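Peer 1: In order, the protein sequence lines correspond to chains X and V. FYI, the numbering for the first sequence is 1 to 269, going by our numbering. FYI, the numbering for the second sequence is 270 to 811, going by our numbering.
Don't take each hint at face value.
Claimed, not checked - Label pairs and their calculated CB-CB ranges: (1) V:Gly780 x X:Gly13: 51 to 61 Å; (2) X:Ser175 x V:Ser625: 51 to 61 Å; (3) X:Phe180 x V:Arg632: 38 to 48 Å; (4) X:Phe180 x V:Ala662: 50 to 60 Å; (5) X:Val14 x V:Gly780: 26 to 36 Å; (6) V:Arg632 x X:Leu109: 28 to 38 Å; (7) V:Arg477 x X:Val40: 34 to 44 Å; (8) X:Val40 x V:Phe675: 50 to 60 Å; (9) V:Thr786 x X:Leu238: 33 to 43 Å; (10) V:Arg663 x X:Val14: 30 to 40 Å; (11) X:Trp113 x V:Gly503: 33 to 43 Å.
Keep in mind the hints are simulated off the structure, nothing from the lab. Values in this document were obtained by computation on a predicted structure and should not be read as measured data. Just so you know, even glycine gets a beta-carbon here, dropped at the ideal spot from N, CA and C.
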Amino acid sequence: MSLKQKIALAILGVAVAASLGAGYLAQSSYSEQFREAISVPPSARFWLGTDELGRDRFARLLYGTRVSLLLAPAAALLATIIAAVIGGAAGYLGGRWERLVTAGVDLFLSLPWLFLLLAVRALLPLNTSPVISVIITFLLLGCLGWAGPARLIRAGTRTLVNSDFLVQASASGISRWRLFWRHLLPNLRPILLAQFWVSIPLFILSEANLGLLGLGVSEPLPSWGSMLRELENYSAVLQNPWMLVPVILLVAVVGCLQLLLGTEERLSC
Amino acid sequence: MLRRLMLKRFAIIGGLCGLGLASSASELRFCLRIDPKTFNPLLVEDESSETIRYLTGGVLIRLNRYTQELEGELATKWKVSENGRRIDFELRRGVRFSDGTPFTCNDVVYTMRELMDPNLHSPVGDSFRSAPGPVESKCVGPSAVTVRFPAPVAALAAQFDEVAMLSAHSAAKESAVLGPFALGEYKPGEYVLLRRNPNYWKRDANGRALPYLDSIRLEIQQNRELELLRFRRGELDIINKLDPEMYDRLSSEMPRSVLDAGPSLDWEIVFFNQVENAPLPEYKRRWFRSQDFRRAISEGIRRDDLVRIVYRGHARAAVGPVSVANHFWLNSALQPPSGSESSVRALLERAGFRRSGSALLDRDGNRVEFSMITNAGNKLHERMLALIQQDLARFGIQLNVLTLDFPSLIERISRTFNYEAVLMAFTNLDLDPSGQMNIWVSSAANHQWNPNEKTPATAWEAEIDKLMAAQSGSEDRARRKLYFDRVQQIVADQAPMLFLVNPNALAAVSGSVKNVTPAALRPQIYWNVEHLQVGGALVSAR
């Protein structure tokens, strides 16, 4: 691991630790509105000032980081598992199953996912608490984000199925089930891990995009997406540059993830 | 680029050459959000087409947006009689359409026939359809017309503000207009160019022909940020509607270009689902039908904070279905809810709710938790909901916010009724209470909390039905006011809709535009378009 990657890991570690310790670090709740202190600059009481509803920006940043950093990996894990099952099965079974899955994946990828997400969101139950709504949002992202990885996993599986060691194992009379679990799946691990790491920043950014459209995490729960919406008011950003802190953190974390992903890819080769 | 520079240079030279021979061309530029759907003034439904109609159409009677009084335009006199069934017009003489065709009583008869043609499906004509039966229009002299309806039409004279006269004889059909401007050029998705109507009948106090402007260029621009940017660059002269955030941003950069015309007629409202067959648990239906519960929620919302924080002071706490901008029809005896915690607690207690720890429970022990939907992407609504959420949390009420794309929201409130409460904006164009018939009459489709009732569900809705029918059937304005005052009082007492704020009419006007007199009614900035001037150039006597 290079020095850069060590620094990246440290930044990521600090961000995760700070978000987990939000209850101790933040002086107020993320949802409490100080209505007499609207959009105030940083002070001893409000380290990053307050937002347009008088809420402590620092507290919101910590809790928002927790939401984005914990749920994005969960969504990535879900997407990777779905992709592994569908792509792996297609590659392993081959023939008409493979053609069917490939066509299904192509069709799924051609869908306008944003509209699909809007439609699915419109079907949500009415009384969904903010915490449940954020989990559902990431769950949706996970359920919709499997198609790309599935294609890669199918191709990887196909290559493995045709490889000499698997043909030999098959010829020796080993059962299909054992062949899959003991010989195929362990060899797919590098692809699965790579897909998992690639999906994390993708889902963080997807949630941020949804937040920009007002369709991300419900009020009053913060997320990076909802905090980024404040940046639409560019003159306010020019006057209050501390509003850029969530963006800086987002870029730093995504950058760190990319650096770590580089490590993972090298390790897997 | 080079070509554009050369053209610009030629234009400047051309302009200099022309100096002294004629006045420089003056053009007003502002934006339409979308392309107009029609240029036929009788088929107008959308805001862009409405703008074109206002700028090009000649009407018999015009509502002065500033004084809020009706004024004669193409009709010099009018008289409503037979209890609102009949209207007689005395027409202005010597008026010509933009193509030179003379305006006569036959044009009025032709327009009314077209307007009421059931095959045309004119949305404007709908407001005149009081009962089945033919509408009789006839010339009773060279410049006198009588129009008789099968049943009384509420606010009959005021309805003619939206009826632009068509020419019965012109080959140009809808292109022949009687308003200050006529359609010059239209490039879909780009712009609509309106040119000065050379035959416009109005003159200013000095006898000079109006309008002062030579043309109006309406750029099609959906993106509000780009509109603001172009205004700041000087490429636009007017932004007719600004949100509070944009207003404050612009006022810090160009303080002399922003205008706050005070409260508009629009509402921000909340209402609860009281539809009989809505997919709601029975106990929630009971809450929403409880007058005390609705009033408690209304009292619990701090309207002053909505005004101060969300609208940055550019709104007024609403008192009821009539804005303070509506000078005549407002029931001035009404007051905004006090918002005192003790009155909220008293109302909740009276309705059988009790506090248990941090939660509020109903008499059956159900936790008071409900959702409120609003349209996604509307930052004002999202901020309002965040404030309301905390306001209600003080009383142990948990409010869940759900933002939906607009079509899904409309689907839920008008078809599936799968919602509990909704926060939405209402655009109100009409001063007269008859414009609100479709909201207050219990059988109406827009009776939002419980639409299309076969018979009034409650005694107070039955009383509102009677009062609305009585006011619309009366010619006596004072009596109508009494009836509608009572409607406003019932609505305040029963709180079927919680009126939160009336947003101010905010606009931006370049310093080069002269004679601007902002009004609270639409179109706030250019309602007196024939008197507007752009630049300091003297307008030639025409």
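Peer 1: Hint by hint, note whether the structure agrees.
Peer 2: Hint-by-hint comparison with the structure:
1. V:Gly780 x X:Gly13: 51 to 61 Å: About 56 Å separates the Cβ atoms of Gly780 (chain V) and Gly13 (chain X), which means 51 to 61 Å holds.
2. X:Ser175 x V:Ser625: 51 to 61 Å: holds (60 Å)
3. X:Phe180 x V:Arg632: 38 to 48 Å: The hinted range 38 to 48 Å is violated for Phe180 (chain X) and Arg632 (chain V), with Cβ atoms some 59 Å apart.
4. X:Phe180 x V:Ala662: 50 to 60 Å: holds (53 Å)
5. X:Val14 x V:Gly780: 26 to 36 Å: Taking Cβ atoms as reference, Val14 (chain X) and Gly780 (chain V) lie about 52 Å apart, which means the hint is violated.
6. V:Arg632 x X:Leu109: 28 to 38 Å: Since the Cβ atoms of Arg632 (chain V) and Leu109 (chain X) sit about 54 Å apart, the hinted range of 28 to 38 Å is violated.
7. V:Arg477 x X:Val40: 34 to 44 Å: Check failed, 54 Å falls outside 34 to 44 Å.
8. X:Val40 x V:Phe675: 50 to 60 Å: violated (34 Å)
9. V:Thr786 x X:Leu238: 33 to 43 Å: Holds, at about 34 Å.
10. V:Arg663 x X:Val14: 30 to 40 Å: holds (37 Å)
11. X:Trp113 x V:Gly503: 33 to 43 Å: Holds - the Cβ-Cβ distance for Trp113 (chain X) and Gly503 (chain V), about 41 Å, lies within 33 to 43 Å.
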